[in-house]
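S.K.: Please arrange chain C on chain W, whose structure you already have, making use of the hints.
As a plain string of letters, each chain reads:
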Amino acid sequence: MEYVGEHLWAGTLGEAFVYLAFSAGVLSAVSYFLAERHDSTEWKKLGRFSFIAHTIGVLGMVSMLFFMIFNQYFEYHYIWQHSSSDLPLRFIFSCFWEGIEGSFMLWMLWHVILAGILLKTVKSWESPVMAVYMLVQVFLGSMILGVSILGYKLGSNPFSVLMREHPDFASLPIFQIPEYTSVLDGRGLNPLLQNYWMTIHPPIVFLGFASTLIPFTYAIAGLWRRAYVEWVKPALPWTFFGVGILGTGILMGGAWAYEALSFGGFWAWDPVENASLVPWLTLVGAGHLMLIQRSKGVSVLSLFIFTCVSLILVQYSSFLTKSGILGETSVHSFTDLGMTGHLALCLIALVVLSVGLIISRYKEFPNAEKEESIWSREFWMFIGALILLISAFQIGYSTSFPVINKIFGTELATPSNVHEYYNRWQLPLAIIVALFVSVGQFLKYKSTDPKTLIKKLSVSLSLSIVLTLVFALSLEISNAFILGLTFTSSFAVLANLDYLLRILNGNLKKGGSSIAHVGFGLVLLGAVISTSQQEVISENTSLFDVTKLDDGFTNTENILLMKDDTLLMGTYFVSYRGKKKEGHFIHYQVDYLAQNSEGELDSVFSLFPFIQLNPRMGNVAEPYTKHYLDRDVYTYIAYAEIEDRKSEEKGSSHEIEVGDTIFSRSSFIVLDSLNRFPNREGSNLREKDMALGASFSVYDVNTEKHLMEPLFVIRDRRLTFSVPDSVRSAGIKVFFDGIDPEKQKFKFRLLEQDDAKKEFIVMKAIVFPYINILWLGCILMALGSFLAVFNRIRKK
Amino acid sequence: MKRTHIILIVLIAVLIGAMIGAINDSSSYADFAEAFENPGQEFHVVGQLSKEKEMSYDPMENADLFAFWMVDNSGVERQVHLHKSKPQDFERSEQIVLIGSVEGDAFHANDILLKCPSKYTDGEVQVKEQA
Numbered sequence: 010m011e012y013v014g015e016h017l018w019a020g021t022l023g024e025a026f027v028y029l030a031f032s033a034g035v036l037s038a039v040s041y042f043l044a045e046r047h048d049s050t051e052w053k054k055l056g057r058f059s060f061i062a063h064t065i066g067v068l069g070m071v072s073m074l075f076f077m078i079f080n081q082y083f084e085y086h087y088i089w090q091h092s093s094s095d096l097p098l099r100f101i102f103s104c105f106w107e108g109i110e111g112s113f114m115l116w117m118l119w120h121v122i123l124a125g126i127l128l129k130t131v132k133s134w135e136s137p138v139m140a141v142y143m144l145v146q147v148f149l150g151s152m153i154l155g156v157s158i159l160g161y162k163l164g165s166n167p168f169s170v171l172m173r174e175h176p177d178f179a180s181l182p183i184f185q186i187p188e189y190t191s192v193l194d195g196r197g198l199n200p201l202l203q204n205y206w207m208t209i210h211p212p213i214v215f216l217g218f219a220s221t222l223i224p225f226t227y228a229i230a231g232l233w234r235r236a237y238v239e240w241v242k243p244a245l246p247w248t249f250f251g252v253g254i255l256g257t258g259i260l261m262g263g264a265w266a267y268e269a270l271s272f273g274g275f276w277a278w279d280p281v282e283n284a285s286l287v288p289w290l291t292l293v294g295a296g297h298l299m300l301i302q303r304s305k306g307v308s309v310l311s312l313f314i315f316t317c318v319s320l321i322l323v324q325y326s327s328f329l330t331k332s333g334i335l336g337e338t339s340v341h342s343f344t345d346l347g348m349t350g351h352l353a354l355c356l357i358a359l360v361v362l363s364v365g366l367i368i369s370r371y372k373e374f375p376n377a378e379k380e381e382s383i384w385s386r387e388f389w390m391f392i393g394a395l396i397l398l399i400s401a402f403q404i405g406y407s408t409s410f411p412v413i414n415k416i417f418g419t420e421l422a423t424p425s426n427v428h429e430y431y432n433r434w435q436l437p438l439a440i441i442v443a444l445f446v447s448v449g450q451f452l453k454y455k456s457t458d459p460k461t462l463i464k465k466l467s468v469s470l471s472l473s474i475v476l477t478l479v480f481a482l483s484l485e486i487s488n489a490f491i492l493g494l495t496f497t498s499s500f501a502v503l504a505n506l507d508y509l510l511r512i513l514n515g516n517l518k519k520g521g522s523s524i525a526h527v528g529f530g531l532v533l534l535g536a537v538i539s540t541s542q543q544e545v546i547s548e549n550t551s552l553f554d555v556t557k558l559d560d561g562f563t564n565t566e567n568i569l570l571m572k573d574d575t576l577l578m579g580t581y582f583v584s585y586r587g588k589k590k591e592g593h594f595i596h597y598q599v600d601y602l603a604q605n606s607e608g609e610l611d612s613v614f615s616l617f618p619f620i621q622l623n624p625r626m627g628n629v630a631e632p633y634t635k636h637y638l639d640r641d642v643y644t645y646i647a648y649a650e651i652e653d654r655k656s657e658e659k660g661s662s663h664e665i666e667v668g669d670t671i672f673s674r675s676s677f678i679v680l681d682s683l684n685r686f687p688n689r690e691g692s693n694l695r696e697k698d699m700a701l702g703a704s705f706s707v708y709d710v711n712t713e714k715h716l717m718e719p720l721f722v723i724r725d726r727r728l729t730f731s732v733p734d735s736v737r738s739a740g741i742k743v744f745f746d747g748i749d750p751e752k753q754k755f756k757f758r759l760l761e762q763d764d765a766k767k768e769f770i771v772m773k774a775i776v777f778p779y780i781n782i783l784w785l786g787c788i789l790m791a792l793g794s795f796l797a798v799f800n801r802i803r804k805k
Numbered sequence: 203m204k205r206t207h208i209i210l211i212v213l214i215a216v217l218i219g220a221m222i223g224a225i226n227d228s229s230s231y232a233d234f235a236e237a238f239e240n241p242g243q244e245f246h247v248v249g250q251l252s253k254e255k256e257m258s259y260d261p262m263e264n265a266d267l268f269a270f271w272m273v274d275n276s277g278v279e280r281q282v283h284l285h286k287s288k289p290q291d292f293e294r295s296e297q298i299v300l301i302g303s304v305e306g307d308a309f310h311a312n313d314i315l316l317k318c319p320s321k322y323t324d325g326e327v328q329v330k331e332q333a
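Protein sequences appear in the order of chains W and C.
Heads up: the first sequence runs through residues 10 to 805, numbered per our numbering.
Heads up: the second sequence runs through residues 203 to 333, numbered per our numbering.
Please note that a few of the clues may not be correct.
Footprint (simulated), chain W over chain C, 3 or more residues, beta carbon under 8 angstroms [to be verified]:
1. 218-229
2. 269-279
Only pairs whose alpha carbons sit at most 30 angstroms apart, straight line, appear in this in silico BS3-like list of lysine-lysine [said to hold, decoys possible]:
3. C:K317 to W:K162
4. W:K519 to W:K635
5. C:K204 to W:K453
6. C:K253 to C:K204
7. C:K286 to W:K590
8. W:K742 to W:K714
9. C:K204 to W:K590
10. W:K453 to W:K465
11. W:K588 to C:K204
12. C:K317 to W:K455
13. C:K317 to W:K589
14. W:K453 to W:K519
15. W:K242 to C:K286
16. C:K286 to W:K635
17. C:K204 to W:K460
18. C:K317 to W:K588
19. W:K372 to C:K204
20. W:K415 to W:K455
21. W:K519 to W:K129
22. W:K589 to W:K572
23. W:K455 to W:K804
24. C:K317 to W:K415
25. W:K589 to W:K242
26. W:K589 to C:K286
By construction, these hints were calculated from the structure, which means they are not laboratory data.
The beta carbon of each residue, even a glycine, is placed where N, CA and C say it ideally should be.
The shape of chain C in the complex, shown without the other chains:
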């Protein structure tokens, strides 16, 4: 067997290892129902902010705790504890991706991705200020 072949076999083995490793280490998207069935396991949950429910952020007490309610894409509403400071312009977010796990009766997020309305509001244009 030539050395090239050995190298090739090792390479393929490592690549497969990288693939399996990546899947093992990866997190996955889920809804609240699945996350609450598997407490302690990390999930990404996509949803929207429940605007009528209370949001609480009291930096005097803890600058790294922000609590709010989110409705996931299946319509389940749960309380979320974000262990970070309250993101800028949070109320305007269109979509939220939480990364974290369930502990007790709340979803504890370590990280959050917000999608803000990057698109202009339809049917609105700017008019030059008249000098």
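Just chain W, same shape as in the assembly:
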């Protein structure tokens, strides 16, 4: 069949760019390898030339994919899968990297950009560094190759899969129409990812991932050339660039989770989060070991291990998220594209390369001449790096349970209280790390005089004790480990601030590392206080008796709010006011009220948590947060019925005389008398309207008496209607419908509200104290890292 309106040229061109990038990448890697092997400038030139060709390929394929998303070529499976015709233009970037193929392309793009900068500074290291660099780039390139070799499909190519050829869709009748492209629409971007975080978070994380490659290539080059120390200097700024960027990316992921997902916090120890945290920890260790290596020949072996492990862990993290192995343990891993073997193979190749080279060269490593002094900076930095390694190991090991289960057939799983599980190890380790961060800068290389050290630290030490006491008393912290971390992290902040102000005289050029350390201390302080002292204020204050449940199952952290009821919650009163549907979203208005001096309730603020209706991924609740300087009030809908309730009020008619009683489900309603001059206020009646009131006494379940007076109104002598009245606590509303003058009887209609049918929400509210300390810390950490890197490059 001849199809009309397909853009096959675009796919062909895109494919051509993919093949160009791959083959030029292979050629470049091989040429650089031979250039180093034979010390040949000819091969080096070829390597450089083919790198340029590779760059053209990468830029070409990235542009083509953007072009195809932008022009909505839904005949391509990738475009169909990730975008749709009604998608706002601002999400076009998110569509690009929503899928595995696009995220590999983003990663490769960053590698190419970084390599462009690297080539300007790499000088004599070009051949070995670029050989390794291009090898890794070829590994990535193979993931999007999409060619079959001996029946095994290598990678998945976004340009080569057409909808009408896709096994899931090919048989559809729509593809029997030659002009199908004019009606086919895309499935669209997952609504969960339709927010600005999805636009900025992945590029930063992938830039962080990409930047770990450069220290690795220098390390391998150093081993290869037997230049075991010389590689460190050029690798150092790149390492801290990676620390800054990857750290920013990880914390940004935390901010995303906190702002837009109902995880109930900024860190959930989710495997995907862990997978990017672990390489960051080892990268920080690697960077600090490089610092001490420069001043004194500290163990070269540890330096190689940390640097190589960082990149391998980045690749491992990509393996975990992209192979689908995390499937049932993580909320946000990709589904399996059948690349598990391929990903594992690339990972194993990198491990073999690193381990093989380190083992074969180990005997030649220079020995440190003598032991470091206990009072030296390098000794404690080394120990600090080891602590980071332990921390990374514990997180990485636990995150790998699904992999371990697959290999060894075990059935390990992290327990339901993951926070407690991880904190048992991470809390003590963080206390030690924060302590090292505080003291570190004040220690001198080689040797420090203990007395002057204590003298210098005394100010910040005593201030941090005071600060810890303030936090402890105001927030009632009693756990020893929490107190410990509050203390050491405050100490880290104050000591580094002190160093910046008194020793560096506030010189910001030299103060990059101090600022980054202040930031790190603030991140720890904010994290420990806001999470350990968080208060779930939505504990159930309604009538439900928790003792009915078995012991240990009394987690009543959610509150039930009937529409327009007001309940006490923490220091606030809350009231659910109603919902509003807008597109994919249902917004629920929750008013927070407080009692004023006269005892009346005043509205303090309103929150609009919402539920996103998501036919693809299931409906998702997204939180809404009121930010104060010293705390956040975080609220989300734990449960709500999505379908609108029809008016479920039960109606019944009654004809009664004065003195008679109507029985409702939960009250007695007694007609006391008729009132010819009823209170007409607030009933919108005209002056000439004739109104007759029926005065009732209503006794509710608590036998409390309420008065009400529905009206029967005659307008212009013809029109009759009722102005009803209601007693909310009894859930009733009475209409005065008519008069039977002969029998002296009066007609009433009673509406009973069925409580079980009233509209309600179940919501959760948490107060996070001092969470802004965390965000301030993030910003300072990133700024400080870049300042330090910038300063180091400038000095060169």
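M.R.: Leaving out everything else, chain C in the frame of chain W:
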């Protein structure tokens, strides 16, 4: 003995400690049969919702209790008490992972992971709305 060696030995000891600690603290996957043999012990149980059996969630009474029936991967059907509010879109879940323990004749879950059909329904494509 050099200090480096001592540090190395301590490091290895701690790493082994972390490994054993992790295994000790960890929970494990099991089916209902195993969970019911060891009441009170925490397990992860994977299975599917029994759609024909009754689900009960009465937030008026308790917003943090949701009862339903699940068939585990070995085909055993048991009642589950989830001590949380009813998850959004629960009925559509393809696969359920429960985390909790057995008490009495029901499995009491503290936490639940749902796998919803993230994949499109096969053989369905969207058609643009004609203007």
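S.K.: Does each hint fit the structure? Answer for all of them.
M.R.: Hint by hint, here is what the structure shows:
no. : hint             : in the structure
1   : 218-229          : holds (count 8)
2   : 269-279          : violated (count 0)
3   : C:K317 to W:K162 : holds, 27 angstroms
4   : W:K519 to W:K635 : violated, 38 angstroms
5   : C:K204 to W:K453 : holds, 22 angstroms
6   : C:K253 to C:K204 : violated, 66 angstroms
7   : C:K286 to W:K590 : holds, 26 angstroms
8   : W:K742 to W:K714 : holds, 15 angstroms
9   : C:K204 to W:K590 : violated, 70 angstroms
10  : W:K453 to W:K465 : holds, 12 angstroms
11  : W:K588 to C:K204 : violated, 70 angstroms
12  : C:K317 to W:K455 : violated, 56 angstroms
13  : C:K317 to W:K589 : holds, 28 angstroms
14  : W:K453 to W:K519 : holds, 16 angstroms
15  : W:K242 to C:K286 : violated, 54 angstroms
16  : C:K286 to W:K635 : holds, 24 angstroms
17  : C:K204 to W:K460 : holds, 27 angstroms
18  : C:K317 to W:K588 : holds, 28 angstroms
19  : W:K372 to C:K204 : holds, 18 angstroms
20  : W:K415 to W:K455 : violated, 48 angstroms
21  : W:K519 to W:K129 : holds, 25 angstroms
22  : W:K589 to W:K572 : holds, 13 angstroms
23  : W:K455 to W:K804 : holds, 24 angstroms
24  : C:K317 to W:K415 : holds, 19 angstroms
25  : W:K589 to W:K242 : violated, 59 angstroms
26  : W:K589 to C:K286 : holds, 25 angstroms
Against the hints set out earlier in the document, violations occur for numbers 2, 4, 6, 9, 11, 12, 15, 20, 25.
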